[in-house]
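Residue numbers (our numbering), protein chains in the order written: chain A, 1 to 330; chain B, 331 to 591.
Hints may contain errors.
Claimed, not checked - The calculated lysine-lysine pairs, modelled on BS3-like cross-linking and capped at a C-alpha distance of 25 Å, are:
id, chain 1, residue 1, chain 2, residue 2
1, A, Lys3, B, Lys548
2, B, Lys487, A, Lys194
3, B, Lys548, A, Lys94
4, B, Lys585, A, Lys214
5, A, Lys319, B, Lys347
6, B, Lys548, A, Lys231
7, A, Lys301, B, Lys487
8, A, Lys319, B, Lys583
Treat the hints as calculated values from the structure; they're not laboratory data.
Chain by chain, the residues run as shown.
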Amino acid sequence: MDKTAYKNVFVFIEQREGIIQSVALELLGKAQDLAQALNEKVVALFAGSGIAAEAQSLIEYGADEIIVMDSPELKYYLTEPYTQALSQAITQFKPGIVLFGATTIGRDLGPRLSARLNTGLTADCTRLEISEEGELMMTRPAFGGNLMATILCSDHRPQMSTVRPGVMQKRERETGRKGSIIPFAAQFDTSKFKVRLIENVKEDKGKVDITEAKILVSGGRGVGSKDNFDKLARLAETLNAQLSASRAVVDSGLVDHDRQVGQTGKTVRPDLYFAFGISGAIQHLAGMEESEFIVAVNKDKYAPIFSVCDLGIVGDVNKIVPLLTERLQP
Amino acid sequence: MNIVVCIKQVPDTTEIKINPETGTLIRDGVPSIMNPDDKGGLEMALMLKDTCNAHVTVITMGPPQAESILREAFAMGVDRAILLTDRRFAGADTLATSHALAGALRTLDFDLIITGRQAIDGDTAQVGPQMAEHLQLPQISYVAGLTCNDSNLLTVKKETEEGYQILEVELPCLLTVLATANKARYMSVQGIMESFDKEMEIWDADKIEVDKEKLGLKGSPTRVKKSFTKAQKGAGEVFEVDAEEAVGIIISKLKEKFIIK
């Protein structure tokens, strides 16, 4: 294949009910770094129905061009209509790189597209860089976060990867930034549409988004009982923070899954992360070690959490938490 | 209804440790298990066997020792088990793996293909949707439950970040299932006894319908350039003091860093 024909860094803009998802803006931020290293453009792939008005905001978050696919077939995400639209746009515009959010949408669409386009896809990347040869170096955790692997897709184009929400950082919005909008009309083969959406149910769990929190108060097995978690919740309230937890605590049912930090939960990078009674299994560290400042409190002075924290206290969580809450009262 | 469930043998990644001196994975003594999401998918198939008289086949691709999870599947109650093993499959990334499995599936009768959402060693969630594309089947991923309406339609519950969706899909189709969809049954004693009398089939690359160029390392668009253990960031200060003093240290440090006022 003629690799030189493939240019520019494309970002799939995930929207739900017309609302652009934060992960898309994070990817536009990263795409700017990559495009700059390659001296290429950032292009947004924006699919939906009645979405054209939102395009300007994508320019202000870093897109140089926006390919708008506006069609009733694309009102909400379903695998086949989106795969048809995206594969046609990619075949026509020939991107060098395509990035997707590693969400239930991106992780459904990405692999389907990779098979249709006969190219590689690297899942859940935590680092993306351009090599001296101009290739995309995609780094991701493997074996439950025990190992990192850097992966290349040398002989196929586009180079595609998914990135979990919260891993990259979005840029400041630049009001009035200029870019161009390219409408693209996909041709749909509706005979292939075999899945029908009956109902989309939103539960309360969607309301908490620990990835957006500036401060997280996180508890692990060492916190123990429900009473003690109530104490953590009070500390979180005092700090205007969100409560989060390790997997062990979520598995025991004390805290909801959407508050779980780690490999099988969410990746977070708050300004301040409190790890109370969390030993620091590698799966947990994978989800929080990029936090700006980490305070760990644990009884066991050999707990691995102390090797990644900025400030560590060897001591009893259940004495320290109430005292800290009291001292922080306004 | 004919169901084929794709399963994978994986190391129990919660048991893997890093050798601090060499920085390499210690895999010795780490148990191999049936991938948890695949087990959820297998249970879903067995429930359909119980209720709708489905015929359940399991297939796995891997080295010869992967047969242990096929024995486990027999003991849980599957009707047929196939081990896809050949050096020509080695070094496959997700795309090449999906071509091998799709090649095997082309030779089987199926109405429904079930895979786990993702495997705990790679966590990619890619092989299922890639297979669905090769076989030109509709797919639904992140499946948490299903009901069988009539012979040609399934109603499927798919988990999303915000809640869930109810979707309707025509058969044949491919579903990727979550471990949390159900609680997998245990192997029965009788099942374990009988599993040793059941014949599993061992297939190589010549037995399947696929372009051989698409298999293994040469069929893989992605390559691992290097792997490494994560550089630990330098540990901060650690204090072993009483609670009163600890709280004082935390507050003064956070003020010093301008995190709190």
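Against the structure, the hints come out as follows:
no.: 1; hint: A/Lys3 with B/Lys548; in the structure: holds, 18 Å
no.: 2; hint: B/Lys487 with A/Lys194; in the structure: holds, 16 Å
no.: 3; hint: B/Lys548 with A/Lys94; in the structure: holds, 24 Å
no.: 4; hint: B/Lys585 with A/Lys214; in the structure: holds, 16 Å
no.: 5; hint: A/Lys319 with B/Lys347; in the structure: violated, 32 Å
no.: 6; hint: B/Lys548 with A/Lys231; in the structure: violated, 56 Å
no.: 7; hint: A/Lys301 with B/Lys487; in the structure: violated, 45 Å
no.: 8; hint: A/Lys319 with B/Lys583; in the structure: holds, 19 Å
The structure fails hints 5, 6, 7 (numbered hints given earlier, in ascending order).
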